[in-house]
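Enquirer: Residue numbers (numbering that gives the first Met the number 0), protein chains in the order written: chain A, 0 to 116; chain B, 0 to 140.
Any given hint could turn out to be false.
Said to hold, decoys possible - A short list of chain B residues far from chain A (calculated; beta carbon distances all over 10 Å):
id, residue
1, L6
2, D11
3, T16
4, S78
5, V129
To be verified - Straight-line C-alpha distance at most 27 Å; calculated BS3-like pairs for lysine-lysine:
id, chain 1, residue 1, chain 2, residue 2
6, A, K84, B, K7
7, A, K41, B, K30
8, A, K84, B, K17
9, A, K41, B, K17
10, A, K41, B, K116
11, B, K30, B, K7
12, B, K115, B, K30
13, B, K70, B, K3
14, A, K84, B, K30
15, B, K115, A, K41
16, B, K70, B, K30
17, B, K70, A, K41
18, A, K73, B, K17
19, A, K3, A, K73
Unchecked claim - Simulated DEER-style distance windows between Cβ atoms:
id, chain 1, residue 1, chain 2, residue 2, range
20, A, G49, B, P97, 16 to 22 Å
21, B, F38, A, E88, 15 to 21 Å
22, B, T5, A, R97, 42 to 48 Å
23, A, G103, B, E61, 43 to 49 Å
24, B, N84, A, K10, 46 to 52 Å
25, A, R111, B, F38, 20 to 26 Å
26, A, L104, B, P68, 43 to 49 Å
Think of the hints as simulated: they come from the structure by calculation, not from any bench.
Ideal Cβ placement from N, Cα and C applies to all residues, glycine included.
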Amino acid sequence: MTVKDVKEILKAEIICGEENLDTEVRTACGADMMSDVLAFVKDQSVLLTGLVNPQVVRTAEMMDMHCIVFVRGKVPDESVISLAKERGEIVLLKTPYRMFTACGLLFSNGLRGGCDI
Amino acid sequence: MPEKITLKYAVDGDDFTKAGLASSDLKHTLKQIGYDPGFIRRVAIAVYEGEINMVIHAGGGEITADIAPDKVEVWLADSGPGIPNVELAMREGYSTAPIDVHELGFGAGMGLPNIKKYTDDLQIDTTVGVGTTVYMLINNN
Numbered sequence: 000m001t002v003k004d005v006k007e008i009l010k011a012e013i014i015c016g017e018e019n020l021d022t023e024v025r026t027a028c029g030a031d032m033m034s035d036v037l038a039f040v041k042d043q044s045v046l047l048t049g050l051v052n053p054q055v056v057r058t059a060e061m062m063d064m065h066c067i068v069f070v071r072g073k074v075p076d077e078s079v080i081s082l083a084k085e086r087g088e089i090v091l092l093k094t095p096y097r098m099f100t101a102c103g104l105l106f107s108n109g110l111r112g113g114c115d116i
Numbered sequence: 000m001p002e003k004i005t006l007k008y009a010v011d012g013d014d015f016t017k018a019g020l021a022s023s024d025l026k027h028t029l030k031q032i033g034y035d036p037g038f039i040r041r042v043a044i045a046v047y048e049g050e051i052n053m054v055i056h057a058g059g060g061e062i063t064a065d066i067a068p069d070k071v072e073v074w075l076a077d078s079g080p081g082i083p084n085v086e087l088a089m090r091e092g093y094s095t096a097p098i099d100v101h102e103l104g105f106g107a108g109m110g111l112p113n114i115k116k117y118t119d120d121l122q123i124d125t126t127v128g129v130g131t132t133v134y135m136l137i138n139n140n
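Put together the whole structure using the sequences plus the hints.
Expert: Given below as structure tokens:
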């Protein structure tokens, strides 16, 4: 699916990065602990999180992620948004859904975790 | 590229929001040189975890990165409190980070284990009350 599909499935609003909605995404990770995200080096395209600090954008940057979804309608402050804009290709979305539901909706629409156990 | 490039970064220990600046710059440089994205990601994650550790535990420090075609070596040196028990610190889930760090998404006891996972060599030289130098080697296979 594309970032645009993620946006529609999650009834999300775009915070920034509108020009990159056509980016293809295949895997996602839902976490509030950034080290848990960093523990899997494989390609992960979407990060769903309830955290709204700049380290969320930094983590996504290190992992080459394309999209961050803030759950429960949370909005990061301007410094986080400008950091994402600086990084270029990252789309920030906010969804009214809670973490569990947001992850479930994306999974049932074909997005996967990207980590085999 | 020349045989070797050395980059040095001062890491500010007072501002958690700035943590990651050095890793971000290093990642950008590696990208410009044209390394494989998987290799870059391993370097970036390992150094980022190390940089976060410096900010959380040691009040900042200095990062030196030697970039060569076949490998990247990084030294993260701080004058923090040192690590009393390195074996424990290497254990997944063991953390001495203050609780407010959890709200920032770190302090889960995954930093050093993650670094170990992504590096080909990891050496921790630490003295309580003096400081810590973490050395990491990532081979570009």
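Enquirer: Confirm or reject each hint.
Expert: Results of checking the hints against the structure:
1. Listed as a non-interface residue, L6 (chain B) keeps its Cβ farther than 10 Å from every Cβ of chain A; the least gap is roughly 17 Å.
2. Look at D11 (chain B): its CB is around 13 Å from the nearest CB on chain A, clear of 10 Å, so calling it non-interface holds up.
3. The Cβ of T16 (chain B) does not lie farther than 10 Å from every Cβ of chain A; its closest approach is about 5 Å, which violates its non-interface assignment.
4. Every beta carbon of chain A lies more than 10 Å from that of S78 (chain B), the smallest distance being close to 23 Å; the non-interface claim holds.
5. With 10 Å as the threshold on Cβ separation, the claim that V129 (chain B) sits away from chain A holds: the shortest Cβ distance comes to roughly 26 Å.
6. Between K84 (chain A) and K7 (chain B) the alpha-carbon distance is near 26 Å, which keeps this suggested pair within the 27 Å criterion.
7. With a C-alpha separation of about 18 Å, the suggested pair K41 (chain A) and K30 (chain B) falls inside the 27 Å cut-off, and the hint holds.
8. Between K84 (chain A) and K17 (chain B), the direct Cα distance comes to roughly 16 Å. Compliance with the 27 Å bound is thereby established for this hinted pair.
9. For the suggested pair K41 (chain A) and K17 (chain B), the alpha carbons sit about 26 Å apart, so the restraint of at most 27 Å is met.
10. Between the alpha carbons of K41 (chain A) and K116 (chain B) the distance comes to roughly 13 Å, so the proposed pair stays at or under 27 Å and holds.
11. Proposed proximity of K30 (chain B) and K7 (chain B) is supported: the alpha carbons are some 17 Å apart, at most 27 Å.
12. Restraint check for K115 (chain B) and K30 (chain B): satisfied, since their Cα atoms lie roughly 22 Å apart, inside the 27 Å limit.
13. A distance of roughly 10 Å separates the Cα atoms of K70 (chain B) and K3 (chain B); the hinted pair therefore holds under the 27 Å criterion.
14. At roughly 18 Å between alpha-carbon atoms, K84 (chain A) and K30 (chain B) fall within 27 Å of each other, so this suggested pair holds.
15. For the suggested pair K115 (chain B) and K41 (chain A), the alpha carbons sit about 16 Å apart, so the restraint of at most 27 Å is met.
16. Annotation: proposed proximity of K70 (chain B) to K30 (chain B) holds, straight-line Cα distance about 14 Å (limit 27 Å).
17. Note on K70 (chain B) and K41 (chain A): the hinted pairing holds, with a Cα-Cα distance of about 20 Å set against a maximum of 27 Å.
18. Restraint check for K73 (chain A) and K17 (chain B): satisfied, since their Cα atoms lie roughly 21 Å apart, inside the 27 Å limit.
19. At roughly 19 Å between alpha-carbon atoms, K3 (chain A) and K73 (chain A) fall within 27 Å of each other, so this suggested pair holds.
20. A hinted range of 16 to 22 Å for the beta carbons of G49 (chain A) and P97 (chain B) is consistent with their spacing of about 20 Å.
21. The hint said 15 to 21 Å for the Cβ distance between F38 (chain B) and E88 (chain A), and at roughly 20 Å that hint holds.
22. Checking the proposed 42 to 48 Å range against T5 (chain B) and R97 (chain A) shows it holds: the Cβ atoms sit about 47 Å from each other.
23. The beta-carbon spacing between G103 (chain A) and E61 (chain B), approximately 45 Å, falls within the hinted interval of 43 to 49 Å.
24. Look at N84 (chain B) against K10 (chain A): about 48 Å separates their beta carbons, and that is inside 46 to 52 Å.
25. For R111 (chain A) paired with F38 (chain B), a C-beta distance near 24 Å keeps the hint of 20 to 26 Å intact.
26. For the pair L104 (chain A) and P68 (chain B), the supplied restraint of 43 to 49 Å holds, since their beta-carbon distance comes to about 45 Å.
The structure is inconsistent with hint 3 alone, although it conforms to all the rest.
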